[in-house]
Structures are given as C-alpha cells and as structure tokens.
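Just need the whole structure built from these sequences, with the hints factored in.
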Amino acid sequence: KGIDRPALSPLIPTTNGPCMIIDAGANTDCKPKNLQQFALMGSIYMEKVMGISKPRIGLLNIGTEVGKGNELTKQSFELLNKLNINFVGNVEARDVAEGICDVCVCDGFVGNVLLKNTEGVAQAFLNILKGIFMQNTVSKIAAFMLKKGLKAFKKKFDYKEVGGAPFMGIDGIMIKAHGSSDARAIKNAIRQAKLLYDNKCLDIIRQEISNLGVDTVEDAE
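For the sequence shown, the positions run 1 to 221 when the numbering used here is used.
Heads up, some of the hints might be wrong.
30 angstroms max Cα-Cα, derived DSSO-like pairs, lysine-lysine [as the list claims (entries may be wrong)]:
(1) K140 to K130
(2) K148 to K130
(3) K54 to K33
(4) K148 to K200
(5) K48 to K154
(6) K187 to K176
(7) K31 to K54
(8) K48 to K74
(9) K154 to K33
Restraint-style ranges between C-beta atoms, simulated for each label pair [as the list claims (entries may be wrong)]:
(10) Q207 to G51: 14 to 24 angstroms
(11) E98 to K140: 11 to 21 angstroms
(12) M174 to E71: 24 to 34 angstroms
Please keep in mind that the hints were generated in silico from the structure rather than gathered at the bench.
Using N, Cα and C, we set each Cβ at its ideal position, and we do this for glycine too.
Spelled out as structure tokens, the structure:
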C-alpha cells in the first residue's frame, strides 16, 4: 500500500561491492514520485538485507551537476533530496561501475539498458581475455597461473550467486529468478527472500512510505 509502481531491482557488481539498479525494466515510463519511492525502497533493501550502513543513493543522469538531465531527472532530484536517505546526487553510468553509489535510481527503460550493457561488457571482456590467453604456450601457462583469480572475477558476474532480482513495491516477497536457474541459484533466491522476511523489509517500507504522506495506489492518478 502506498507504492504506485513495483520495481525490478537486480544487483550488479562494481569495483566497490554490489549496486542495486532500481528500476531495471518493470516500468519504462515513470513519474518523479515513482523514482522517489524507488530510492526509498532501494535504500531500505541495501541497509537491511546487504548490511550497508547509510547506503549511498545515486540518480542516474547524463551528468553529475545539479540541473542536468530531462524533466524526469530534474524533478526527481528535488524529491530525492527531501528524503531521509544518503542521497549523493546525480551519477553517470561510469560512476555506477566504479561503485560511487550503492543504489542507482532510474526509470525501467534506462535501467534495463544499463543492466544489459553491463552484462554484455562483462561477457565481451571474458571472451577477449580467453582469446588472449589461448594464443600460445606462454599465454596458456599465464592463464593457468591466474586461474583462481579469473574464476573469482567470473563469479562476480554470475547471477547464480545472487539468485535473482527482488520485485520491490508489491505486497509480498518476490524474487525474479533467471530462466535457466539451477539448484544453486534457486537456493540463493530463497536465501535472499528469507533475509527480506527476517529483516521485516516490507513493514519498514510501508512505514517509510506512510511517513512520506504519498498517495495510495488507488489515488495515484
């Protein structure tokens, strides 16, 4: 109750730990109020489930300066600035990869593009490395020596480690798993759902939304 739009909220790896993209495809068209609610839900998730004290919330934009972007990002900036969260301002896509924020707030169209680009770049990088290491005997020996580190790198981009992406903003706990999930992925999805339940994330979101005095779903339009 009180959330106008649910949001798909996957975690992506960065140089400074995981970052939540919210929304990553559930809503291609959003209003500033939607992004305000996304920011609040993302902050609660990263604090209660991921254990990050005062998670940094960034608004995805084409520049970091105040006043940058389109009408959606400009108005959303003002709303996020009023929330009782650790809002670090506008962030660019490259900042997200550098781990500048723990939560990246955006509409679902932009978020999905960011997510798919991250997946594509990671796979391309792994393919390039594989090609380099398989060139000759010396490079193959180097690959063998770096095998442990390369596996650790690949693991960071493995969706099975997280299990799935939470759907934030619905009246219940829902984790969207990958279509090709195996037993390990499902186990981690269940673990993630349990953390949401144990930390009473839904109750906290309801309370925080109530404190905002936002409209209910029925009154949204």
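So, going through the hints one by one against the coordinates:
no., hint, result
1, K140 to K130, "holds (10 angstroms)"
2, K148 to K130, "holds (14 angstroms)"
3, K54 to K33, "holds (22 angstroms)"
4, K148 to K200, "violated (38 angstroms)"
5, K48 to K154, "holds (27 angstroms)"
6, K187 to K176, "holds (13 angstroms)"
7, K31 to K54, "holds (25 angstroms)"
8, K48 to K74, "holds (29 angstroms)"
9, K154 to K33, "violated (37 angstroms)"
10, Q207 to G51: 14 to 24 angstroms, "holds (20 angstroms)"
11, E98 to K140: 11 to 21 angstroms, "violated (32 angstroms)"
12, M174 to E71: 24 to 34 angstroms, "holds (31 angstroms)"
Violation of the numbered hints given earlier is confined to hints 4, 9 and 11; the remaining hints are satisfied by the structure.
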